[in-house]
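A.B. asks: Put the two chains together into one complex; each comes in its own frame, and the hints tell you how they fit.
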Amino acid sequence: MSVSYSAVGWNRQKKHYDWFIFGFCVLYLIIFILVTAVFNPQYTFETVLIRSTATLAIVLLHVILAIGPLCRINKKFLPFLYNRRHLGVTMFTVALIHGSFSIFQFHALGAVNPFVSLFTSNTQFNSVSQFPFQALGFFGLVIFFLMAITSHDFWLHNLSPKVWKTLHMFVYLAYFLIVLHVMLGVVQYETNPVFVIIMFTGSATLISLHLIAGTREVKKDSQAFDVRKDGFVYVCEVKDIEDSRAKIFCAGKERIAVYKHEGKLFAIHNVCKHQGGPLGEGKILDGCITCPWHGYQYLPHNGQSPPPFKERVSTYDVRIEGSKVWLNPTPYAEGTERNGAVVL
Amino acid sequence: MKPLRKQHLVTWRVLAVLLPAGIILAWISVPEKISQSLLQPASSSPLPVVLRKAVSRDYSIAIRSNLDTSLLQLEWINGKILQYPTATIYADDGITKSIGELKLIGRIEARGKWYFPLDSTFKYTSANRLILYDFIHQQVIDTINLLP
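Those sequence lines, one after another, are chains A and B.
Residues -7 to 336 in my numbering are what the first sequence lists, from first letter to last.
Residues 43 to 190 in my numbering are what the second sequence lists, from first letter to last.
Rather than coming from a laboratory, the hints here were simulated on the basis of the structure.
Be aware that a few hints might be false.
[To be verified] The list that follows gives simulated cross-link-like pairs (lysine-lysine, PhoX-like), each with its CA atoms no further than 25 Å apart:
(1) K221(A) / K245(A)
(2) K155(B) / K211(A)
(3) K275(A) / K212(A)
(4) K211(A) / K139(B)
(5) K245(A) / K275(A)
(6) K245(A) / K48(B)
(7) K212(A) / K155(B)
(8) K231(A) / K67(A)
(9) K154(A) / K316(A)
(10) K157(A) / K44(B)
(11) K157(A) / K48(B)
(12) K221(A) / K316(A)
(13) K44(B) / K68(A)
(14) K212(A) / K44(B)
(15) K67(A) / K44(B)
(16) K275(A) / K239(A)
(17) K154(A) / K155(B)
(18) K239(A) / K139(B)
(19) K67(A) / K48(B)
(20) K239(A) / K122(B)
(21) K316(A) / K275(A)
(22) K245(A) / K154(A)
(23) K231(A) / K212(A)
(24) K48(B) / K68(A)
(25) K68(A) / K275(A)
(26) K245(A) / K157(A)
(27) K68(A) / K211(A)
(28) K212(A) / K67(A)
(29) K302(A) / K231(A)
(30) K95(B) / K275(A)
(31) K145(B) / K154(A)
[As the list claims (entries may be wrong)] Computed far set for chain B versus chain A, every beta-carbon distance over 12 Å:
(32) V91
(33) R99
(34) D100
Think of the CB as a built atom: it goes at the ideal place given N, C-alpha and C, for glycine as much as any other residue.
One chain only, chain B, in its complex shape (with noise of 0.2 Å):
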């Protein structure tokens, strides 16, 4: 047993750089996103101003602001059930290739309506366009383009 009680300790030293380690690397790697409050509500009322939109059959998507513009905010209803039970959206530049380097807007289920809060910064860039990815697949599901 003596062998054994300095064999947990030594696993346990190496854990304590490893698993802090794994953490820390995982952290500093997650896409650039928008943080957002724990539980936000599904059904957060949305902002009065639509500035951009796009309807599909599957779903209608719209940039939405308040009257100042100083606040943003995407809209996402799914009008029919996703065929993908989880799906992430994130807000295409144009410029960058790799999705990883994309920013990240948001998680969608396969239901429901979705609002999530928009930086300053999608006022001023091309945020024109949105990708919603299978992130268990790695594969785009689709490419929407927002028009005024």
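Here chain A stands alone, though its shape is the one from the complex (with noise of 0.2 Å):
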């Protein structure tokens, strides 16, 4: 959270992740050049940086499509989130080197315009060995261009964060994209199954990723709650709850986290205003449940940023009776102070 602008809100962590992209970056390029160097001496630069590049855009590509589900099911892996959209960029830029190399040495020079070379020297769209892949590269490309340029807070406060995180999962049908132009592409040239063996493993460990969380996800919001003729639903036992933490339930459209603090309990929408991330999974700190995934900040009793800042959210009716934990699933406006539970 940041009172006034800068471009980018730079703390501790974010240059730590930083500098941690930026050496893996270089450590994995200097070390793909040198063993390129020891077996295949005649290799050109050129050659050897689209094809560095390539690699590491796709390492890169798929670390990035694991951290979301990773997170889901394991909170230990939430620092990676933190500063995903760096990683994205730094992707993308990589992603950039390798199109711009290889569009340079494949179709640049020539006579013909080289995008229109990109596009027109191979018209075989009824073959599979002979499609032209490299349209497929340019395409995905395209994409993370956009994601890019999209990624900043700007355009998250401007479009929404909903039209915001849409327009962001078009990242899948880039990877799609980007895993045929490799097995239509490079496979089909080279002698040896290690781009099969590796794209295959990729996708598999994402696909396995994605579905393991997405089914839990989905499951978690489907739970069923008797609703009482007062509207309150049972959700746990107080004991449930840790201090200073909290419990999501899906008893009404959204997700709704109570949280026990300073012998109370609260309840607030668990869908951050940032980029909606899980309030719930958070914590309480200084008083103000935090974000987990950026760090946004919420009053527990009236679900308001701490001034100056001027995010809200809803809050909700919580009630204790003996050991029992019931919560009102019908929302009060963004910003409603509630007294929350006393915990006896």
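C.D. replies: This is the structure we're talking about:
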């Protein structure tokens, strides 16, 4: 969170994250170039650059796509999510180097415009093994470009988190295009199966992670609750909720986080106003519910961000009867103050 | 957010079908070729016997074997730097018309020496002609006739 505008709200974690990404990319490229120099010294520098950036971009893309479901499965992965957008922009930059050098090396040295050559030099769309795979990579790169330029919070606020997230789901289409770009490209001309194994393992891992995490989440959303006449539903026992932590329930249309804080229970809307992060998976820091994704904060009793910030989420009534926690899933207007339920 | 979560799951269910299907389809469509080990050294030593050869201004090519001809090898030495950053070599059997149906021997770069293992069929079939192919622009770069 930032009071005044700055292009990137740098902090210690972001700097560490970015230095780690930078160090990994440089190390990967150096190792790739050295190994190539030893085993295939005849390769030109342009060729090595095209291949090293291609493989690095694919590794980064798999890591990026694995972070989301891994965080749903295990909270220990949350630090990777914190600055995932920088990882995405890094991946796009690496992919752009690969694309630019490829277009230059394969299409820019003739009389035809390189982009015209890219789309007209091979038009065998009816063949699998001869398919114009470069076009697939080009369209994947265009999607990554659109994602990279809209990755800033400026676009998040202007488009709304819902539209922004929907737009960024095009990364899955881009991933599909990139897998086919590799499979219909280099795999068709290489004489060892290593690329097939890598792509199949990568895809299988991502599919498994997303299906496991997605099924769990949808199952949580479809949990059934019996509504009492007064509109309250039984959700759990008081002891089930740890101090300064929450439990999440999907008793109505959306998820609700029930937090225990200073001997009281408070219920707020689970979705962070920033990027839709799960507030109930965070914890209370300095008296504020803190989103686990990017650290946006809300006061437990009214769902408002502490001044001067203006983000607000809905609040709910929560009640304790004996040892049982009851929740009314009808939301109050965003930022409405509630007293909370005293834990005896 | 609830519909978005469902949308994510539906998208990955679709991808769980499309990705493996795409990978398998692409894999089974790979032209017939001889398998090699990863990171095959470019300077692997040539076999001693030259069975056939072709020499031009741009490259020197030979089919080599060991003494009992149980092992076969294609030697490709670029004399000049190729005008094409990368190209594939196919064995032309003189019958097949389409490049995609020819036997893929390997891929070469613009410069350097290249050695590719050949299977035993090269001893018996009329593998006297090689095709150098630019797979980016889908055009034949050169046709090379190998002479004893």
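A.B. asks: Are the Cα atoms of K245(A) and K157(A) separated by 25 Å or less?
C.D. replies: Distance of about 19 Å is within 25 Å: holds.
A.B. asks: Mind checking the alpha carbons of K212(A) and K67(A) for me, to see if they're no more than 25 Å apart?
C.D. replies: holds, 17 Å
A.B. asks: For K231(A) and K67(A), compute the direct alpha-carbon distance and say whether it is at most 25 Å.
C.D. replies: holds, 21 Å
A.B. asks: Check the hint pairing K68(A) with K211(A) against an upper bound of 25 Å on the C-alpha distance.
C.D. replies: Answer holds: K68(A) to K211(A) is near 22 Å, not above 25 Å.
A.B. asks: For the pair we were handed, K212(A) and K44(B), check the Cα-Cα distance against 25 Å.
C.D. replies: Given that 25 Å is the threshold and the Cα spacing comes to 10 Å, the pair holds.
A.B. asks: Take the C-alpha atoms of K239(A) and K122(B), compute the straight-line distance between them, and say whether it is at most 25 Å.
C.D. replies: violated, 70 Å
A.B. asks: Quick one, are K245(A) and K154(A) close enough, alpha carbons at most 25 Å?
C.D. replies: Within the cut-off at roughly 16 Å; holds.
A.B. asks: Below or equal to 25 Å on CA atoms is what counts here, so check K275(A) against K212(A).
C.D. replies: holds, 20 Å
A.B. asks: Does the alpha-carbon distance linking K154(A) and K155(B) stay inside the 25 Å limit?
C.D. replies: Judged against 25 Å, a Cα distance of about 56 Å means the pair is violated.
A.B. asks: With the threshold set at 25 Å, check whether the alpha-carbon distance from K155(B) to K211(A) stays at or below it.
C.D. replies: Measuring from Cα to Cα gives roughly 59 Å; hence the hint is violated.
A.B. asks: Holds or violated: K221(A) with K245(A), Cα cutoff 25 Å?
C.D. replies: holds, 18 Å
A.B. asks: Is K95(B) close enough to K275(A), meaning Cα to Cα at most 25 Å?
C.D. replies: violated, 74 Å
The structure fails to meet hints 2, 4, 7, 9, 17, 18, 20, 29, 30 and 31 from the earlier list, while all remaining hints are met.
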